[in-house]
Amino acid sequence: RVVANVGTGGEITVRELARTIAELCGGKSPIEHAPPRAGEILKSRARVDRLRDALGVVAQTQLRDGLRETLR
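Residue numbers (our numbering): 370 to 441.
Just so you know, nobody snuck in bad clues.
Label-pair restraints from in silico Cβ distances:
(1) Val-371 <-> His-402: 34 to 40 Å
(2) Gly-379 <-> Ala-423: 17 to 23 Å
(3) Pro-399 <-> Gly-378: 29 to 35 Å
(4) Ile-381 <-> Ala-403: 16 to 22 Å
(5) Arg-370 <-> Glu-392: 34 to 40 Å
In case anyone wonders, no lab produced these hints; they're calculated from the structure.
From a predicted model like this one, the values you see are computed outputs, not experimental measurements.
Idealized CB from N, CA, C, for every residue including glycine.
Could you build all of it, start to finish, from the sequences and the hints given here?
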């Protein structure tokens, strides 16, 4: 049994993610930026080495393509 993060190992900002999702959905709504809430994680990056080492799995889908598929 392997417990592992699934991701690319790279970083993306919440703003960039929101812009990409809005663009893929054809949205025109403005994206509001608010200060972080108490206890909010400011940066997070999936450590994908465990999944790669245990199963040889490496992300091959680009974020935009995966979001497009998810939002269909």
